[in-house]
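Peer 1: With the hints as constraints, model all of the structure from the sequences given.
Okay, here's what each chain looks like letter by letter:
Protein chains: 4
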Amino acid sequence: MTAMQLGLVGLGKMGGNMRERIRRAGHTVIGYDRNPDLADVHSLEELVGRLEGPRVVWVMVPAGAATQSTVDALAELLEPGDVVVDGGNSRWTDDEKHAGELAAKGIGFVDAGVSGGVWGLANGYALMVGGDAEHIAKVQPVFDALKPEGDAGFVHAGKVGAGHFSKMVHNGIEYAMMQAYAEGWELLQAVDSVTDVREVFRSWQEGTVIRSWLLDLAVNALDEDEHLDKLRGFAQDSGEGRWTVEAAIDNAVPLPAITASLFARFASRQDDSPQMKMIAALRNQFGGHAVESAK
Amino acid sequence: MTAMQLGLVGLGKMGGNMRERIRRAGHTVIGYDRNPDLADVHSLEELVGRLEGPRVVWVMVPAGAATQSTVDALAELLEPGDVVVDGGNSRWTDDEKHAGELAAKGIGFVDAGVSGGVWGLANGYALMVGGDAEHIAKVQPVFDALKPEGDAGFVHAGKVGAGHFSKMVHNGIEYAMMQAYAEGWELLQAVDSVTDVREVFRSWQEGTVIRSWLLDLAVNALDEDEHLDKLRGFAQDSGEGRWTVEAAIDNAVPLPAITASLFARFASRQDDSPQMKMIAALRNQFGGHAVESAK
Amino acid sequence: MTAMQLGLVGLGKMGGNMRERIRRAGHTVIGYDRNPDLADVHSLEELVGRLEGPRVVWVMVPAGAATQSTVDALAELLEPGDVVVDGGNSRWTDDEKHAGELAAKGIGFVDAGVSGGVWGLANGYALMVGGDAEHIAKVQPVFDALKPEGDAGFVHAGKVGAGHFSKMVHNGIEYAMMQAYAEGWELLQAVDSVTDVREVFRSWQEGTVIRSWLLDLAVNALDEDEHLDKLRGFAQDSGEGRWTVEAAIDNAVPLPAITASLFARFASRQDDSPQMKMIAALRNQFGGHAVESAK
Amino acid sequence: MTAMQLGLVGLGKMGGNMRERIRRAGHTVIGYDRNPDLADVHSLEELVGRLEGPRVVWVMVPAGAATQSTVDALAELLEPGDVVVDGGNSRWTDDEKHAGELAAKGIGFVDAGVSGGVWGLANGYALMVGGDAEHIAKVQPVFDALKPEGDAGFVHAGKVGAGHFSKMVHNGIEYAMMQAYAEGWELLQAVDSVTDVREVFRSWQEGTVIRSWLLDLAVNALDEDEHLDKLRGFAQDSGEGRWTVEAAIDNAVPLPAITASLFARFASRQDDSPQMKMIAALRNQFGGHAVESAK
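Residue numbers (UniProt numbering), protein chains in the order written: chain R, 1 to 295; chain P, 1 to 295; chain V, 1 to 295; chain G, 1 to 295.
There could be a bad hint or two in this list.
As the list makes no split between identical chains, a pair holds if one copy fits it or if it spans any two.
Stated by the list, open to error - No more than 20 Å apart at the CA atoms, straight line, and that leaves these computed lysine to aspartate or glutamate pairs for DMTMM-like:
| no. | residue 1 | residue 2 |
| --- | --- | --- |
| 1 | LYS105 | ASP216 |
| 2 | LYS159 | GLU20 |
| 3 | LYS230 | ASP271 |
| 4 | LYS159 | ASP192 |
| 5 | LYS97 | ASP192 |
| 6 | LYS105 | GLU226 |
| 7 | LYS159 | GLU149 |
By construction, these hints were calculated from the structure, which means they are not laboratory data.
Peer 2: The following block contains the structure:
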């Protein structure tokens with residue numbers, strides 16, 4: 001392995017752990033964050049100045065405005081031959097724009113979808129990247145440091161945007177898998193004959209068709225709170241689930257299970273369902289109370 | 001028109017109104033109900049005794065045990081050549097059983113799906129009937145009295161069971177149509193630019209592709225309570241929606257919209273969603289709190 | 001009624017019929033179309049020149065580039081106090097952009113969702129419009145000429161964009177209503193006991209909860225081709241269905257029935273289903289053929 | 001471990017492999033099958049005669065009539081204190097009936113859902129069992145022989161029926177998980193930017209939220225046939241998926257993702273979609289061809 005230098009912008013929970021994992025692999029990481037308590041340098045300028053060329057700067061800030069302004073700033077600060085990696089949760093449609101803006105200055109761009117959450121520091125981060133092979137090659141030592149051991153966990157998925165697109169689809173699949181276990185759990189809980197649903201879930205961890213890491217997490221959760229009484233049935237969604245459905249619509253691909261999973265989350269956040277009010281109103285109209293006919 | 005006699009068992013809101021409409025058409029109706037305040041006779045025996053043969057007895061009692069015991073009793077009391085009509089909401093799979101039981105005594109059987117609700121007395125009841133033509137012919141004057149004016153509103157749908165099956169499918173379609181309007185209403189309510197959703201609905205009553213009687217009812221409901229604030233988003237379901245999905249499964253027919261409508265009602269009745277607790281728990285596991293890995 | 005002048009751009013099947021209906025009501029319509037066989041004038045310039053101010057120009061061309069270029073041209077040709085109506089199928093998100101572009105020149109803008117299809121000439125067109133009341137007032141005589149008789153069929157739905165948004169939701173509802181009847185029809189066709197599905201549909205036209213104009217059309221279609229043998233199960237979708245789902249996602253509104261209807265159309269257009277290949281492949285892997293385990 | 005005797009009825013692919021795995025664990029298995037090439041004995045009578053009491057007989061034949069007739073025969077042949085295990089794919093609602101029939105003779109009953117497919121011989125079979133603890137205890141050495149190594153892979157899920165119910169829900173979850181990957185795969189294949197979908201799937205095998213045994217199988221399948229060109233998008237379904245949805249309906253539990261997965265399989269088996277013919281017909285009616293209005 002050749003030790004390399006990396007500039008890392010954004011040192012939140014995710015970025016901070018990634019810095020640690022990359023350093024453990026023997027590389028040098030110079031980190032910048034708006035929060036000076038987290039940062040190694042005081043400014044993007046200083047960060048760029050501390051790196052020897054050709055530089056690699058990894059952007060790990062919220063998608064949208066924060067990523068855009070960071071890319072804009074780096075386009076001014078970096079030099080031809082340098083490479084920017086967007087490892088945040090950007091929408092894949094932003095990548096081509098960012099790549100074009102940087103290419104105009106001779107700067108390379110790689111989009112990297114990163115999976116791993118709080119487990120990534122210990123287990124490694126799965127990486128799906130898009131862009132030109134020559135730009136990816138410059139970042140490869142860092143990708144190798146971040147990825148899990150074993151053959152899997154890293155892919156050059158295709159052109160610019162393919163990394164975030166693949167990560168987005170990963171999250172769409174994740175939604176439907178979570179929904180699958182959740183539906184099964186609710187159904188098992190609903191019948192009297194099954195007296196130990198948690199142990200049914202635990203038993204599935206070996207030898208079944210549905211064993212998975214998410215199933216392991218479900219068992220962990222049930223071990224902490226057997227009937228999940230401490231939780232409300234309320235689920236947020238991040239952008240990726242929505243974007244997955246939108247990409248499917250753009251491509252005329254039917255995604256019934258993933259979309260059902262997204263909609264179930266939307267519904268979970270409603271105190272009362274407007275559409276069900278309308279259903280109730282219609283039932284009243286034709287079934288219950290005499291009203292004037294509109295025809 | 002030839003005036004005929006009808007025995008009518010079950011004089012609730014629906015049966016009582018039907019008795020009235022049949023009498024207005026000039027027929028004789030002898031009604032029996034467990035509630036003596038509603039009944040014309042004191043017992044099924046008396047009802048059967050008051051009818052001249054060949055008799056027609058219309059059963060309008062709750063599906064399941066009440067219908068079964070009434071059919072059982074009529075099988076003992078009636079004579080060959082008589083006809084029993086089941087106009088209740090029986091599951092179509094019960095019809096063949098009832099028909100067989102009565103046929104063993106030489107008694108005919110007709111299943112009749114009845115639509116109309118509180119509007120039926122004034123507007124007529126739509127009737128979908130199943131059975132042999134000879135049995136249906138004996139009831140035809142009553143069907144003619146009950147049905148709305150015009151060519152539509154009555155059909156001999158097929159064999160025994162076809163009447164209830166057709167009515168069941170009618171209700172399945174009804175679920176999805178109601179859901180369609182309800183989804184559209186919620187979406188219109190959700191955006192700022194549409195400032196008068198009720199008037200949008202009202203405008204649709206003429207000239208649009210989606211004009212319908214249900215739309216008229218929706219406008220009625222919005223005229224009574226513009227934002228449906230007086231209602232909770234809570235919707236019951238009757239057996240027919242469930243049976244429609246089960247019939248679809250038996251016949252490997254995909255019913256995505258009707259089933260989505262049924263499930264939306266199920267979800268509307270849950271104070272908290274167990275499956276969404278599991279989604280929340282899984283999100284916690286991989287995103288938030290460090291826990292021991294099960295693998 | 002005060003007779004008024006209208007400039008109408010786009011004289012295809014829809015625009016041509018609308019010109020006819022507006023003229024029948026006594027107004028003057030000067031129509032322009034790229035196809036000189038359809039047009040009253042040779043150019044947009046001529047059209048604008050022939051109208052007395054304040055002018056009203058109705059744009060009835062395909063959404064997207066054609067509408068944009070027409071709006072751009074009219075922004076140059078028209079004068080302060082004139083009004084442009086976009087009656088095409090533009091995405092509601094385009095309306096604010098067009099309105100802003102025109103407002104910069106002092107020109108008003110109204111977006112109008114138009115429903116009616118081939119029936120509109122005879123029955124009238126349902127109109128959902130968005131924009132400022134003062135701009136709408138200038139077009140009102142034309143709206144009155146186009147709309148069906150009766151109280152319904154026209155609505156000022158709200159701000160700029162609200163007309164197209166309401167029409168879009170109308171189409172979303174239409175998708176799910178069509179799907180509802182289609183699912184019911186398939187299920188009825190699937191069982192042996194129902195021997196005359198067409199007559200069941202016909203019977204529903206009176207007295208039922210599900211009577212509607214779409215049901216009337218379904219009966220028409222079955223009268224022409226009882227089992228729809230002449231058709232393939234292949235359904236296009238227009239932009240509005242897709243945009244409805246996207247708007248729902250933007251607003252976190254669950255639309256399960258409408259979305260299921262859209263996805264059913266997507267699937268109908270696939271010769272073979274890629275996703276079902278994967279299902280088949282997975283079934284093979286765990287059930288049928290011995291393969292090497294990846295773990 | 002105490003070596004025990006087991007009677008095993010049904011020696012097809014599944015039963016034959018199970019016999020082998022139980023024997024490898026040191027137990028005695030006497031197998032009967034209608035096919036004499038597979039059987040150790042010539043009749044159920046001989047099988048029962050060869051076992052020392054208290055006997056354990058495992059039934060591994062197709063659900064429905066074959067299982068029923070085997071249970072009937074064993075009810076005649078066995079003695080009080082013996083135990084029958086139904087390890088087939090019986091519907092959970094059959095279990096209570098079988099248990100009651102056998103209990104009348106003093107014979108115990110255990111229902112066992114078995115997962116593992118062609119991998120079970122090598123890896124072990126996951127077992128979900130229902131019934132009384134005393135009956136299960138008599139079979140435990142065989143359960144221990146069949147199950148995978150490790151803590152998971154076996155559960156006493158609850159009362160009679162709970163084993164098959166849990167296995168049924170397992171399969172319902174399996175449907176939705178398979179659908180999740182399948183939807184994701186189709187979407188990735190649909191876009192140009194992702195140039196190597198197989199490698200994206202492979203990369204997910206480590207470090208991602210969606211890693212699972214099914215994902216490993218998907219990678220195996222793609223390694224054999226990168227674009228699944230050799231397969232048709234055609235997927236059968238077994239009873240368990242259907243029963244899961246029916247159980248959900250009985251318990252008013254919404255199962256949108258699992259049901260969508262089942263319906264996708266139904267649709268995949270249709271050469272042409274009847275419901276989409278109706279959609280096409282309706283589109284024709286209002287959009288294309290002038291027809292007579294029904295109203």
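Peer 1: For LYS105 and ASP216, with the copy left unspecified, which applies at a CA distance of at most 20 Å: within, between, both, or neither?
Peer 2: neither (47 Å within a copy, 42 Å between copies)
Peer 1: Could you place LYS159 and ASP192 in one of the four classes (within, between, both, neither) given a Cα distance threshold of 20 Å?
Peer 2: between (53 Å within a copy, 8 Å between copies)
Peer 1: Within a copy, between copies, both or neither: which one fits LYS97 and ASP192 at a CA-CA cutoff of 20 Å?
Peer 2: Classified as between: cross-chain Cα gap 17 Å, same-chain 56 Å, threshold 20 Å.
Peer 1: How do LYS159 and GLU20 come out at 20 Å by Cα distance, when the copy is not named: within, between, both, or neither?
Peer 2: neither (29 Å within a copy, 51 Å between copies)
Peer 1: Measure nothing new, just compare the shortest in-copy and cross-copy C-alpha distances for LYS105 and GLU226 to 20 Å and report within, between, both or neither.
Peer 2: For LYS105 and GLU226, neither the intra-copy (56 Å) nor the inter-copy (38 Å) Cα distance is at most 20 Å.
Peer 1: Between the shortest in-copy and the shortest cross-copy C-alpha distance, which are at most 20 Å for LYS159 and GLU149: within, between, both, or neither?
Peer 2: neither (25 Å within a copy, 44 Å between copies)
Peer 1: With 20 Å as the alpha-carbon cut-off, assign the pair LYS230 and ASP271 to within, between, both or neither.
Peer 2: both (18 Å within a copy, 15 Å between copies)
In this structure, the earlier hints numbered 1, 2, 6 and 7 are contradicted, and the remaining ones agree with it.
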